[in-house]
Amino acid sequence: MPSTLLSFPYYRSNPYLTMLTVAPRAAGWDVVEGVQGLHRLEARAEHMGRGDVLHVHWTSPVTAGCESLEDAWVNAARFEDVLSGLRDRGADVLWTVHNSIAHEADYVDVELAVAKALASYATRIIQLNPATVEETAAYYTLPPDKVVDLPHSSYLGVYPDGGDDAASRERIGVPQGVPTVGFIGQIRAYKGLDVLCRAVEIAAEQVPDLTFVVAGKVVPAADVETVEEMLSAPNIVKRLGFVETADFSDWLRASDVVALPYRRILNSGSLLAAGTFGRTALIPEDTPVARQFADQPWVVTYAPEPDEPVALAAAILEALDGQESRHRAAHEFTRTYTPYDMSRDYLRLLDGLAGDRKEEAR
Amino acid sequence: MTTPELSVVVPTHDVGLWVGELLSSILEDQSTASDPVDLEVIVVDDASSDDTFEIAQAYAARDPRLRVVRSPGKGGGQARNHGVSLARGRFLAFADGDDLVPRGAYATMLRKTRETGSDMVVGRFFKLFSDRVWWPVRAWPAFDEERTLVRLAEAPSALRNRACWNRIFRRDFWDSAGITFPDASRSNDIEPMVHALTTARFDIVTETVYVYRDRPGPGSMTARSHSPAGIISYLEQELRCARRIVALGDAEVRAEYASLIFDADGWMAIVRALRGMSVIDPVALEPARALVAELVALFDDGVVDDLIDDLERDKRWGWRLVASGQWATAARLIGDGVRWGDRTVADILETLQLVADSGVVPLRTLQRPLVNAVASVSLGDETLVGDDLADLVLKHRDLFTVVAEAVGAEGVPAWRLGRIMAALEDGPELLRQVVSGATDPVTATSLSLVDGRAHLHLAHTMVESVRLRVVFLHDRRRRTLDYDATELASGSLEVALPTAALSGGRWRVRFEGRDALGEFDGPVIIHEDVIGERIGDRAQIVQLAGRPRHGIEIPLSFGERGVRKARRVAGRIVRRVRR
Numbered sequence: 001m002p003s004t005l006l007s008f009p010y011y012r013s014n015p016y017l018t019m020l021t022v023a024p025r026a027a028g029w030d031v032v033e034g035v036q037g038l039h040r041l042e043a044r045a046e047h048m049g050r051g052d053v054l055h056v057h058w059t060s061p062v063t064a065g066c067e068s069l070e071d072a073w074v075n076a077a078r079f080e081d082v083l084s085g086l087r088d089r090g091a092d093v094l095w096t097v098h099n100s101i102a103h104e105a106d107y108v109d110v111e112l113a114v115a116k117a118l119a120s121y122a123t124r125i126i127q128l129n130p131a132t133v134e135e136t137a138a139y140y141t142l143p144p145d146k147v148v149d150l151p152h153s154s155y156l157g158v159y160p161d162g163g164d165d166a167a168s169r170e171r172i173g174v175p176q177g178v179p180t181v182g183f184i185g186q187i188r189a190y191k192g193l194d195v196l197c198r199a200v201e202i203a204a205e206q207v208p209d210l211t212f213v214v215a216g217k218v219v220p221a222a223d224v225e226t227v228e229e230m231l232s233a234p235n236i237v238k239r240l241g242f243v244e245t246a247d248f249s250d251w252l253r254a255s256d257v258v259a260l261p262y263r264r265i266l267n268s269g270s271l272l273a274a275g276t277f278g279r280t281a282l283i284p285e286d287t288p289v290a291r292q293f294a295d296q297p298w299v300v301t302y303a304p305e306p307d308e309p310v311a312l313a314a315a316i317l318e319a320l321d322g323q324e325s326r327h328r329a330a331h332e333f334t335r336t337y338t339p340y341d342m343s344r345d346y347l348r349l350l351d352g353l354a355g356d357r358k359e360e361a362r
Numbered sequence: 001m002t003t004p005e006l007s008v009v010v011p012t013h014d015v016g017l018w019v020g021e022l023l024s025s026i027l028e029d030q031s032t033a034s035d036p037v038d039l040e041v042i043v044v045d046d047a048s049s050d051d052t053f054e055i056a057q058a059y060a061a062r063d064p065r066l067r068v069v070r071s072p073g074k075g076g077g078q079a080r081n082h083g084v085s086l087a088r089g090r091f092l093a094f095a096d097g098d099d100l101v102p103r104g105a106y107a108t109m110l111r112k113t114r115e116t117g118s119d120m121v122v123g124r125f126f127k128l129f130s131d132r133v134w135w136p137v138r139a140w141p142a143f144d145e146e147r148t149l150v151r152l153a154e155a156p157s158a159l160r161n162r163a164c165w166n167r168i169f170r171r172d173f174w175d176s177a178g179i180t181f182p183d184a185s186r187s188n189d190i191e192p193m194v195h196a197l198t199t200a201r202f203d204i205v206t207e208t209v210y211v212y213r214d215r216p217g218p219g220s221m222t223a224r225s226h227s228p229a230g231i232i233s234y235l236e237q238e239l240r241c242a243r244r245i246v247a248l249g250d251a252e253v254r255a256e257y258a259s260l261i262f263d264a265d266g267w268m269a270i271v272r273a274l275r276g277m278s279v280i281d282p283v284a285l286e287p288a289r290a291l292v293a294e295l296v297a298l299f300d301d302g303v304v305d306d307l308i309d310d311l312e313r314d315k316r317w318g319w320r321l322v323a324s325g326q327w328a329t330a331a332r333l334i335g336d337g338v339r340w341g342d343r344t345v346a347d348i349l350e351t352l353q354l355v356a357d358s359g360v361v362p363l364r365t366l367q368r369p370l371v372n373a374v375a376s377v378s379l380g381d382e383t384l385v386g387d388d389l390a391d392l393v394l395k396h397r398d399l400f401t402v403v404a405e406a407v408g409a410e411g412v413p414a415w416r417l418g419r420i421m422a423a424l425e426d427g428p429e430l431l432r433q434v435v436s437g438a439t440d441p442v443t444a445t446s447l448s449l450v451d452g453r454a455h456l457h458l459a460h461t462m463v464e465s466v467r468l469r470v471v472f473l474h475d476r477r478r479r480t481l482d483y484d485a486t487e488l489a490s491g492s493l494e495v496a497l498p499t500a501a502l503s504g505g506r507w508r509v510r511f512e513g514r515d516a517l518g519e520f521d522g523p524v525i526i527h528e529d530v531i532g533e534r535i536g537d538r539a540q541i542v543q544l545a546g547r548p549r550h551g552i553e554i555p556l557s558f559g560e561r562g563v564r565k566a567r568r569v570a571g572r573i574v575r576r577v578r579r
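Note that the protein sequences, when read in sequence, are chains A and B.
Number 246 in this note's numbering belongs to position 246 of the first sequence; there are no gaps in the numbering.
Number 428 in this note's numbering belongs to position 428 of the second sequence; there are no gaps in the numbering.
Okay, chain B solo, but in the shape it has when bound:
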């Protein structure tokens, strides 16, 4: 029996629908007359209950390069290790039974390592979903160009890719490094691949060498079938990876890894686990907490602290909650995939209350989401009727108070929070008045374009009004209209501005004012249902991107267009000259 150049180990478990395509892609698409690949394929079946084994066997009966065995152990890791023990090739590759190996992939990688003598060659891959593809490698600079005989420190982002299937290994490297797959239920390739990446001199080719099939379960509603064992298994593997990275002692690799875990893969693993569990059991999750705490401690030299502080809010709070074992609060924070802005105010305030009670999140950081819930999210919350919003604020009075105090200890609270606090101190009646405008003292009740004018009706909930300025804004241009206490006495006012007074462009409307509760300023929220005539002589009302807010658009006149174009051209020339 001659020795093949490459052995491809294929662990399988219930992949009857796909294994035929995978085997065909390896056995029929890799060799060409000009670039022959001498390979063997070893299918190691891990207790399939479908027709996977029979399909593979039928294939093997037609092609002697394929060997099909049953795994003596349990799980993908043991199946891969068994496959390696049977492999005879000078090079080693792995492929999962439900994926695809593109034409010529192995030939490309073998050619590269024959030239360079590298320990490992890695190539690009994409993920195949039912109705789209996704190229994670495009975000990783290591894969931008072909690389030869690099160490991980020279291409740290190669660490982002810790799968075993888009690469080949020199067999003597694999054995001398002592790489094996752990007996883990989840993520059993991340540690051996970190092992390989931190040990090998490797090449990167820019060809696509693997297609990974992403197979979510059926049904658009997520099945809550996750158990704590899954996330614990993942974190155990992650901790082993982390130790290898720390031992490597390279600052850049360490930073790349920390970002990978705390900002990307690690966080997503926690999100998926918490969303997938029907019950959050902190006792069962205690080993996971201990692992997270250990993971954080490994990097607790100022690097991770900064990193976590720089993360976006949910991750920043989430890691602190998880590390302190407050899984239910973390799950509440993460939610079911509903955007923060699409949740109800009641849900947000309850969640923020839990976060505040956790004792691990700086209270001052709750100001922004708290004010945002009352001033912005409330506008789209259809569950709120009448004084519900004021009642919710009253219910969470303590939350508002502790947050305002925490902010006050370091500076001045935002004016919206200041108004709420002033009203809370005064009593429910004033609070209702303040909150009735969703804490915005000025709101639009109608907007129409009629007779060459923008007619904007405003209502206000100012308390003992002092003054109000309505500002039309476009770039740095402002058109302002001032109103004094007398004009504001009725609680409403009408602004009629000739559109001829506005030059071409998109104009937003803001308010600036002062009343007994202090100074304030903000955008005038113009809801869809208050808009009347949208098209005027030379203007139209348009929605401003992504907000329940509208503006007035004046088309550019010919003259203005010319000026703008001239400015753009001049800008280009200046840039060119500077280069």
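Bound conformation, chain A alone:
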């Protein structure tokens, strides 16, 4: 019987989870797909035991749909039962700390309790960012002996890509030759789209044909009108909806620079996606991600204080210059840690769990 590897939640059409699990699948792990909610997790986890692994990626599904704090605590307790049950039956629990705390968490105390339970029950805790232990210390303690590194790879060769910027612009309707700044991916309140809109306005005073390229699903959907209004200027090419995997490279290739004005994150797949397509990425300084990537020539940082839109506008103008050398640097960086490198490291980590069990048995 092959061992079960249950990623939770497993979102279909997720390139990160797909590329992560290639080597384990090929090595014979039965990768369970499609478990997204607590109820299905409970049902599936019941059948898991020694040799099986639950890998928790994101904790937001634990309290998703809860209408009261009480409900949220009940769900957190159920989740903890899943973890303790698995460990009792000899299964392993992995936890990748993608964020200090789930974005837009409705029940912060509950989220923290869930994180603490994971810290306690996890066999290994995977950090994407080397400063994860310090960055999360204000919220919860990660036992250092459990923490292992498994950085997020580039997306080299993952997305369908024609490798032709002009063709990409043509497909999505961005005029050839105009400088562009892009914002690609889910549009959520914490991502600072409002700041970026203002920054584009300011930058456009100096670069009149500056075009703003925006693509992504608005979450929650109720915010669509607000976002539409925010993006009503004439120099904007937008698609407010899920960006199909097949179209993803077109949106990035149509953006000369990609702005990622997020603050509360430990890791950014979008940053690595931008680099994969040779784009210059703009990120606020003094964040965990900035500390990890600021020395990369293709990453431009800006000071969000005292006036973020002005600083971001200046960074956009700076980034639009000297793209060629940054482009090359991004390409080189992209090859230093590829998706299959990450997947093989992941498989070695899973192998290590089995090794540990053998040690324990002696």
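I should point out that these hints are in silico values taken from the structure, not numbers from a laboratory.
Have a look at the derived ranges for each label pair, beta carbon to beta carbon:
1) Ala221(A) / Leu544(B): 22 to 30 Å
2) Gly28(A) / Asp214(B): 16 to 24 Å
3) Pro141(B) / Asp88(A): 37 to 45 Å
4) Ala328(B) / Met1(A): 49 to 57 Å
5) Gly341(B) / Pro297(A): 50 to 58 Å
6) Ile535(B) / Ala221(A): 20 to 28 Å
7) Glu28(B) / Glu170(A): 38 to 46 Å
8) Ser176(B) / Asp295(A): 53 to 61 Å
Just so you have them, the derived chain B footprint on chain A, three or more residues with Cβ under 8 Å:
9) 25–34
10) 146–159
11) 241–247
12) 339–347
Even for Gly, the Cβ is constructed at its ideal location relative to N, Cα and C.
Place chain B on chain A using the hints.
Leaving out everything else, chain B in the frame of chain A:
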């Protein structure tokens, strides 16, 4: 220079993004201390215009087991053959420059053939897309368990897998069988692999030995960049495969192959080609027609005829159209990937007209899609306004007539088609009346759950009504309400049924009746926009799976649940006793 046990031939063409990962997976992941693999890798670059060659060369500078050469010829087939000519190993493997070889894959296959002395070892693989994986092997019984020294006749479904990369070959077998890759622009490995499969004694291992990267082009809209040359090249190779299969003379292998071509790979190749062409040029496609006709003729001993008749509609019609060179009609039938039910009625009727005109499709088989277009597809077709549907039926009057005649020659047409024909004979006014209910004489105008009753308002387009019965149905239970001509005179009626009269479960509503145009019966279509109050005292209105139709759900009472559970348990016991 010592002779390696295994030579891996890697043809490359513009795979700079992936070739580093592939080489690393072969050179770094195959040997372990306990299971060493002595291998060499020969990269044969086929005129790459990117940095593939340089990346491979840089790798070779670090690892003497890797040799990088330029292909003296053109195309993947010639590159592979050149690689084989340079290979020194006792065993031979192939890998494409953009794929991955899982850890220990070659060790597993080598171990197997060392034990068995087989000519070839095949293993599982999966396809890797950007955001998902797919395991085609899971559908092929040959790969269910490890197999030793089998012939194709003992594992016919191994034929479903005609790629050269998830296997190793004994070199002396490869040479003595005289296997070479053809100089073909498409599918250049299917014929050599059919050659190997029909000649070798082979093993199958259940380990995953290859990851094939599926790389569609960018953009969710399909680029129309296919030329007739691609499909012609594929069909040429397929014909060579077919000849080998026929020559083998095994009935099961032959049937497996016929199903593979006419139901799966071959059909998909035609679909992709037609969808990918910006212009359908029957003259340029004539060689493809001739190849299809030859392919069909090779199996024309009653086997294929039956097989094609058993295929689903599009394939059944499609092969006949393609074999007769009616490519444009085939392309129209296949469409752009829009489900038949999501097309417009106008498009469907035009397409069916072309299919009927082709002269190669039995007209009686058009009845079902024709009636379905008018009675069902029309309900979701937002392009239809006013009398458009009746006008479309009038426009295609000849189509309806020839189909009804063809059906009539062998039996009785379906009642919906019968009503349309009767109305067409009478004149446009009656036709409009009949078609206004999308040929259903009874339609729902509202449904609400109020005061413990289901209130269902029905409108009818019956002609000189005789009688109507409204039937509430759940499993084999029926609750019926009968109406006579007087009650039907106004053109509408209200049905009010106490929900207490319905036991637990999902109840559907049907009609059965008779009028001047004959007998009829069918489901009452209840559209989303006619539903009022959905939740009642002990009932709710629910959508029935996959149709623009609703039903009334009554939750099971405690007593009923108990009875059902008891029935299930009893059923299990009976089954166990029978075993």
